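Q: Build the full structure now, drawing on both the sequences and the hints.
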Amino acid sequence: MPAKPHRVLLDRVSGYADEAAAFMRRRRISRRPFARLYYPHGRSADHAEDSRSGAELFVAAGRLIEVAGRKKS
Amino acid sequence: MAKLTAATAQMATVMIQDARARDTVGIFTQMMDAAATAPDRESAEAALKFLGEMSVDLRGAAILGPDGDVLAATSETPERWREDAAALFAAADGAEGEPAEQVHIATEQGEVFAIRNAGLAAVAVTDRFALASLLLFDMRSMLRELAGPVEGAE
Chain D
1 MPAKPHRVLL DRVSGYADEA AAFMRRRRIS RRPFARLYYP HGRSADHAED
51 SRSGAELFVA AGRLIEVAGR KKS
Chain R
1 MAKLTAATAQ MATVMIQDAR ARDTVGIFTQ MMDAAATAPD RESAEAALKF
51 LGEMSVDLRG AAILGPDGDV LAATSETPER WREDAAALFA AADGAEGEPA
101 EQVHIATEQG EVFAIRNAGL AAVAVTDRFA LASLLLFDMR SMLRELAGPV
151 EGAE
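Same order as they appear, the protein sequences are chains D and R.
The letter at position 17 of the first sequence is residue 17 when you use the working numbering, and the numbering goes up by one with no holes.
The letter at position 22 of the second sequence is residue 22 when you use the working numbering, and the numbering goes up by one with no holes.
Take these hints with a grain of salt, some might be off.
Label-pair restraints from in silico Cβ distances [what the hints assert, rightly or not]:
| # | chain 1 | residue 1 | chain 2 | residue 2 | range |
| --- | --- | --- | --- | --- | --- |
| 1 | D | 28 | R | 86 | 31 to 39 Å |
| 2 | R | 66 | D | 25 | 52 to 60 Å |
| 3 | R | 128 | D | 8 | 34 to 42 Å |
| 4 | D | 41 | R | 90 | 16 to 24 Å |
| 5 | D | 4 | R | 134 | 33 to 41 Å |
| 6 | R | 68 | D | 10 | 50 to 58 Å |
| 7 | R | 67 | D | 20 | 39 to 47 Å |
| 8 | R | 56 | D | 3 | 35 to 43 Å |
| 9 | R | 109 | D | 17 | 57 to 65 Å |
| 10 | R | 76 | D | 24 | 19 to 27 Å |
| 11 | R | 67 | D | 40 | 42 to 50 Å |
Keep in mind that the hints were calculated from the coordinates and are not lab data.
These numbers were taken from a predicted model, which means no experiment stands behind them.
Heads up, the beta-carbon is just placed ideally off N, CA and C, and yes, glycines get one too.
A: Here is the structure:
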């Protein structure tokens with residue numbers, strides 16, 4: 001006996017939601033710190049944390065995070 | 001033959017997208033030079049408040065005028081924002097010897113976004129995994145509106 005049409009739809013939607021949740025979990029675990037600069041004409045450049053320019057960017061970013069403080073909930 | 005045609009069609013699409021992106025950025029660069037006037041602090045504070053309402057991940061932000069002075073900031077330390085934003089832009093510009101238009105730095109503690117547009121600059125700090133393109137779009141729109149109406153626009 002075939003499943004009711006709304007069951008099929010619900011299963012499909014929850015399947016997509018599971019996939020998205022899994023993707024977000026993987027992204028949270030695997031994403032590493034990065035420093036990315038965007039220039040005119042659409043060019044962008046990544047700077048590694050252990051490079052001189054990257055280290056300067058991360059230090060400056062750290063200071064800004066400090067001054068911003070925690071979010072007021 | 002069919003494969004060749006498909007490949008050629010794809011190339012043309014990519015080239016068109018590339019040209020569109022290049023020309024669009026060119027327009028914004030020209031606008032930047034045209035509208036470098038400092039807005040008043042009330043407008044900047046209102047714009048920053050609106051940005052905070054739109055971006056749930058936002059922890060703090062500041063808007064800087066053409067001379068680097070803080071027009072508005074979310075915390076009571078404008079001098080710190082000015083110094084740290086200046087340091088960030090200096091590091092960004094020095095990285096490749098070319099002024100960077102946008103900066104996005106993601107760390108374990110949070111994410112930092114900085115953008116220069118229309119002679120103004122904005123810096124924002126968010127929680128991790130904030131939607132970068134959306135926030136940068138909002139920041140750019142905010143600066144463009146603060147800089148004043150663009151010629152030809154309603």
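Q: Hint by hint, note whether the structure agrees.
A: We went through each hint and held it up to the structure:
1. D/28 / R/86: 31 to 39 Å: holds (32 Å)
2. R/66 / D/25: 52 to 60 Å: violated (44 Å)
3. R/128 / D/8: 34 to 42 Å: holds (37 Å)
4. D/41 / R/90: 16 to 24 Å: Hint holds: Cβ distance 22 Å, inside 16 to 24 Å.
5. D/4 / R/134: 33 to 41 Å: Roughly 38 Å apart at Cβ, these two residues keep to the hinted range, so it holds.
6. R/68 / D/10: 50 to 58 Å: For residue 10 of chain D against residue 68 of chain R, whose Cβ atoms are near 55 Å apart, the range 50 to 58 Å holds.
7. R/67 / D/20: 39 to 47 Å: holds (45 Å)
8. R/56 / D/3: 35 to 43 Å: holds (38 Å)
9. R/109 / D/17: 57 to 65 Å: violated (29 Å)
10. R/76 / D/24: 19 to 27 Å: violated (35 Å)
11. R/67 / D/40: 42 to 50 Å: violated (22 Å)
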